[in-house]
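*Asks:* These are the residues of each chain, in order.
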Amino acid sequence: MPIEIPKDKWPGSVRQVVLGATAAEGGTRTSKVVVGGETCMPFMHFEGAIPNRPVVALEIRDRRPDDWSPLLVKTWENVIDDPAAWAKAAEEVGADAIQLTLSLTDSAGQPMSPETAVATVKAVLQASGLPLIVFGPGQSEVDNLLLVAVAEATKGERLALGICEDKNYRTIVATAMANDHVITARSPMDVNLAKQLNILISDMGLPLDRVIMDPTTGALGYGIEYGYSVMERLRLAALQGDAMTQLPMLVTPGYEAWKTKESKVGEGVPESWGDWLQRAINWETMTAIALLEAGANILVLRHPESLKQVEAAIQDLMTAPDMVSV
Amino acid sequence: MALSGIQIYKLLPQTNCKECGFPTCLAFAMKLAAKQVELSACPYVTEESIALLAESSAPPIRLVSLKSDGYETKAGNEVVLFRHEKTFYNKPGLFVKVVDTESPEAIKAKISAADRYVVNYVGIELTVDGFAIEAASGDPEKFSAAVKLAREASKRPLILVSRDPSIISAGLKALEAGESALIHGADKSNWEVMAALAQEHKAALAVISTDLETSADLTEKIRGKGVEDLAIDPDTTGLGAMLTFNTIARRMALKKNFKPLGFPIIVFPKDLVAATQAISKYAGFVVIDDFKPDEVYPLLVLRQNIYTDPQKPIQVQPGVYEINNPNSEAPVLVTTNFSITYFSVANEVEGSGLPAWLMVCDAEGMSVLTAWAAGKFDAERIAKSVKGSDLASKVSPKRVVLPGHVAVLSGELEEELPGWDVRVGPREAVDIPKFLKEAL
Ligand code: B12
Ligand code: SF4
Chain A
1 MPIEIPKDKW
11 PGSVRQVVLG
21 ATAAEGGTRT
31 SKVVVGGETC
41 MPFMHFEGAI
51 PNRPVVALEI
61 RDRRPDDWSP
71 LLVKTWENVI
81 DDPAAWAKAA
91 EEVGADAIQL
101 TLSLTDSAGQ
111 PMSPETAVAT
121 VKAVLQASGL
131 PLIVFGPGQS
141 EVDNLLLVAV
151 AEATKGERLA
161 LGICEDKNYR
171 TIVATAMAND
181 HVITARSPMD
191 VNLAKQLNIL
201 ISDMGLPLDR
211 VIMDPTTGAL
221 GYGIEYGYSV
231 MERLRLAALQ
241 GDAMTQLPML
251 VTPGYEAWKT
261 KESKVGEGVP
271 ESWGDWLQRA
281 INWETMTAIA
291 LLEAGANILV
301 LRHPESLKQV
311 EAAIQDLMTA
321 PDMVSV
Chain B
327 MALSGIQIYK
337 LLPQTNCKEC
347 GFPTCLAFAM
357 KLAAKQVELS
367 ACPYVTEESI
377 ALLAESSAPP
387 IRLVSLKSDG
397 YETKAGNEVV
407 LFRHEKTFYN
417 KPGLFVKVVD
427 TESPEAIKAK
437 ISAADRYVVN
447 YVGIELTVDG
457 FAIEAASGDP
467 EKFSAAVKLA
477 REASKRPLIL
487 VSRDPSIISA
497 GLKALEAGES
507 ALIHGADKSN
517 WEVMAALAQE
527 HKAALAVIST
537 DLETSADLTE
547 KIRGKGVEDL
557 AIDPDTTGLG
567 AMLTFNTIAR
577 RMALKKNFKP
587 LGFPIIVFPK
597 DLVAATQAIS
607 KYAGFVVIDD
617 FKPDEVYPLL
627 VLRQNIYTDP
637 QKPIQVQPGV
647 YEINNPNSEA
657 PVLVTTNFSI
667 TYFSVANEVE
677 GSGLPAWLMV
687 CDAEGMSVLT
697 AWAAGKFDAE
707 RIAKSVKGSD
717 LASKVSPKRV
727 VLPGHVAVLS
737 GELEEELPGW
747 DVRVGPREAV
757 DIPKFLKEAL
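As given, the protein sequences belong to chains A and B, one line each in that order.
Under the numbering used here, the first sequence is numbered contiguously, ending at residue 326.
Under the numbering used here, the second sequence is numbered contiguously, ending at residue 766.
Rather than coming from a laboratory, the hints here were simulated on the basis of the structure.
Computed from a predicted model, the values in this text were never measured in an experiment.
Please note that the accuracy of each hint is not assured.
Simulated crosslink set (BS3-like; lysine-lysine; CA at most 30 Å straight-line) [unchecked claim]:
#1 B:Lys417 x A:Lys261
#2 A:Lys195 x B:Lys412
#3 A:Lys259 x B:Lys763
Chain B with its partners taken away, still in its complex shape (with noise of 0.2 Å):
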């Protein structure tokens, strides 16, 4: 949190010399807390001044970004507890873990086969973003080995896991030019040598440790030796634990601002509920074991859920959309511009193989009956709609279909359509290609 002008106030030589414009230090220090001028026109602060205000200036949580050829993966820089209160900024990446002593072979095909995985959801193409390599040989020349598969496999950014700095320091080496990966990572015994390794690579670096005063120990000391980019691990897989131990370092950056616990949090889950909670409760990085679509899908969903803005639902462009290019016979179906909405129905027609006019009404990107009941999605919104595009010169019969949970203003859109056909069609997508089958 930044300071007030009092708190900077009194880091300034409180001389009141005049030489930066303002006629006392105080009214230089309350611009300064306001953002308006820079620290750099007062020639007097200290050294140890200007550390501190370039420290409270900081974001409460580092922005700590894994970069490799052609990707990059930021976590940190939040600043609520609660979405509600703003929203969550940076999705926590998802990496997927890979062991050096299992065979090249399935090294290579885990890794190839997540790494072309996408799906879509609402429009998004959503991925997995990176692998971490795990030494569990001891050797270094196999975990080297087995990093140089993965760069064969994929070029998405790396999170090297192992605590003996030689392992370490051979997976480093093994690593493409200018990409940053995180290394996993420092502990009691071995930081300082992490730390040297993490500067020599430009590697971010996590601390271990399930007690949180052992993580703020290490972090500072990690600073001292000028390696910045850090990031804490629990240490647990227990899902109590986990949250404890999120919530309570989240909170320290946030209200204390407190410096060493203010890093993205790293966690390996030890399954699907454990990676769950990572998401929702402050995970920067999520490290899971298996790549399983019937995983990753619906963990990737969720990220994408709680990382969204909740001033501003996600819409589509209102006005007619031609699926399966729609000839003069083919039927209107109306829906809202609610971008689950519309995706949910335009995957369904696009799927059945058959025509349609999709009509995609501005209902401030509320849900079917959300706007129903909010009042955005009437009978005369819908015309208006209709109306307004060219769809009655360009349909034979003129035909136009409503979403069976607002079967209601069936009547209602009769009268104000004259000439349409109006017809109510299923309540739930899913069942749509059945309806342009059978019912039209």
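This is chain A alone, in the form it adopts within the complex (with noise of 0.2 Å):
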């Protein structure tokens, strides 16, 4: 029986953006990243483009965290008090791109210094050639602080720096702006508060392919839904033709799935929570695997066995399906 397939025409695209310059464009990056630019709903060949396949990152810090699980202190232990090593590590079990975050302290407990925040990104970009995305602590005004020191020692890497909120976007957009880097701004979860954010920072000069967003999202468990539905209604809205959606996506799924107690807890938990370690790895794959469905472009992760799955899920649902009736 001849089968009809209903294609939707969208009349929108989302923008391409890139990350990491190399030497050739004023960088020292060996790779880029570009995302974006996808004109039909995730993995949808059979009615558009999508020129881009969404990518994996690996997040580090800049010094031992107090607050990771054990499984994950294990897995990176040798190089978890060095950040240059870290990133090289990472970029060596098959990372895209590599998102660093600041703490608010650094390893002598002593409040973190421009300095050695500066220091810190200059020896993981030493390190690793990969395109590197700069998160603050989260507290708005070390945030500043720091983020615009490291802007302006990267001037031209075409870094992503993190997490410009509406409370705080001005100081870091304007950086960025200044010193040719790119910019994530994260909104709470609500397709109205994405676009004011966007708007805002477009209104200030900034090139919206310079801009990623951050819907923010929850672990499975723990409000995976709602990010998740955000998601899929933003990239709807992108596609429908709203040109302050029409954003590449970046959302954290590493760092949501690894704060649950399935992947912090081994002992004394449900014995129907089964095995530890895969559970936890299952947490953070199984949470990124549906963000991924629901738009994302570029996904935060911690383990890198996830990293390996979500990697291998990307590269099957890259390929166009041969279906002979599509």
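With the hints as a guide, dock the two chains, each given alone in a separate frame, to form the complex.
*Replies:* Here is the structure:
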């Protein structure tokens, strides 16, 4: 029976954003990442173009984190006190990009200084040629202080700087503009708030092809369904032609999944939770896969095994299926 | 999708004889479209029109239910492509597969373990739904023995997996009376015999094909034989192909009311990643090879999350919950009535073995920070909840513990609750036991 497949004709498309600049472009990266550009819903190859595959970044810290799951600490034990070695290790296990989160305090327990932050970022850039995403500790004033110094010291590298929120976007956007970087704009799981922040950023004069949006997500079991649906709605709005939603999306399933009890605790939990390490990796992988299919362009993970599984899934999903009737 | 009044009018006699009680056939058609009258009020509709109208009022994706002694698993009846448009209704059945070439002990052990499996997620007991028995032996007797073993180990619904009708027939005969299994399945070469078996045993039948046209052809032919409870299998383990197949089938059913693809989808994912996709992207039955709690637990949670009604966060009743028989010296812990929040906290306190009064405030079903950001969980509200309870007369010393994420509220809460010692607890629930032991 011949079937006429209903194809959605979308007037809009997602902007393309480039992370990382090679020597020819004024930076020192040996590879760059291009995300976005799609003209259809995730992996619907039969009705649109998906010029760039989604990518996976691995999260590293400037120093040994205090609150990570012991499983992660064990995995990265050999490099966990050395961000440069950690970045290199992340590159070796197949990450497409590195996401470095700066801490509030340095390894000596002192408040993180801009000098230390800059030195760390430079060491990471030296150790790995991958594009770099740098997040501040998540307190607006400290973020501003550290990220401005980092942006200036790495002019032209086309880093992604985050996290820009409604309360602190101005400083970060200004420094990204002055120093040729990209920013990630985070809003709390709401289509309108995401749009609003993008409008504010674009009003400052930063071209939108230098903005990635982070719609915020929750882990599997801890609110993932809200993030999942907001991402689907944002992507539908983008394809329908709403310019202020036409940005690639970055999400942090690694951060979310690894703070759940399922990942952090191995003893005294129900037997029905199964093997701890497997469960924790599955928690991160499954959170990531669900968000990948809701439209994520950059997924930030923490464990090499999850990375491997998500990369394999992306490869499979990026191959247009050879279906007779399609 | 239901027909419009005009479309229905075209199927009526168009004689305006008024016997239905309406002045014209069109007026009657309009009432029919609005589901305000019964078609039987018109004595002159043709059999053919009756069939067409019945068809159009059927749900776009047929509800298929597998039943066995005390159990029922339903799939289908979905009405949207994206959960935010309304909600997804029938959670895909999670089935664990056994193969008839495994030893009887192994089959029984696997099924018993999966059958007993229960995991608690936010107060809901989650379990697997049933089992798929695959005939790898090629031997009807072996298959029939495996089905019997399954029935000894579990009463949950079964899926019988073989393309060979003589094997399926042996399996169906081994089932208990009154149950409806799913046969997997029919293809171009065996569909006729399989349809007859499905008919005879009141079983549902899955059609298997990598291409949608063949699937549609098969369901039409089988429906022609009177079997209506069907499922479709994209017959692929690739993520991309499965996603495309499932999406197009769902779209055809919902947007074009294309009946030949209006059936639940059954998939046999090759690994956990494929099973994850199957749950969020449109499968009605998911058959997994291995029974591993570290995989089954997150799959059941994902299914629960994706099928939550977006309009209604799962909430618990506000009020005071007593954990581990609190006495007057036990502290009062404050939290919100979002069920994930409540259970994260309650489980930790319970697990610590230490007594506490858990004051669950009405925060309209929102998490701690969400409610705080939305103004539904502030010092005033918390104080009101505490005062509205009889905790002040029950505890001494009067200690109230705030979630670490809303430490900022402590000053204000001290003002609102004179005589109470306001403490700030840890940010994450996992750290509550340590806090109860050491800091209080
Ligand atoms: C899911 C979610 C939503 C969902 C709501 C889900 C719900 N029913 O609550 C939706 C999409 C609706 C939503 C909306 C909003 N959200 Co919201 N949301 C989240 C998200 C992603 C997860 C929240 C969650 O479910 N956590 C899981 C639960 C279990 O955590 P919890 O309640 O905090 O409980 C833990 C601890 O607090 C502790 N705990 C709990 N009780 C107690 C008690 C004691 C005594 C102790 C010791 C510990 C303790 O134990 C638990 C486990 O560790 C977070 C970001 C994130 N990733 O965390 C943002 C977040 C909470 N949201 C935020 C905001 C701003 C909003 C909005 C105001 C935005 C808007 N659209 O206007 C709205 C407000 C709602 C409204 N106006 O109606 C912000 C809050 C910012 C801040 N720091 O104040 C956050 C942090 C996102 C962000 N980074 O900006 N949100
Ligand atoms: S009874 Fe039937 S034919 Fe007569 S007016 Fe009503 S709809 Fe038309």
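*Asks:* Run every hint past the structure and note whether it holds.
*Replies:* Verification of the hints:
1. B:Lys417 x A:Lys261: Roughly 25 Å separates the two Cα atoms, so the pair holds.
2. A:Lys195 x B:Lys412: Holds: Lys195 (chain A) and Lys412 (chain B) sit about 23 Å apart, inside 30 Å.
3. A:Lys259 x B:Lys763: 22 Å, holds
Checked against the numbered hints above, the structure violates none of them.
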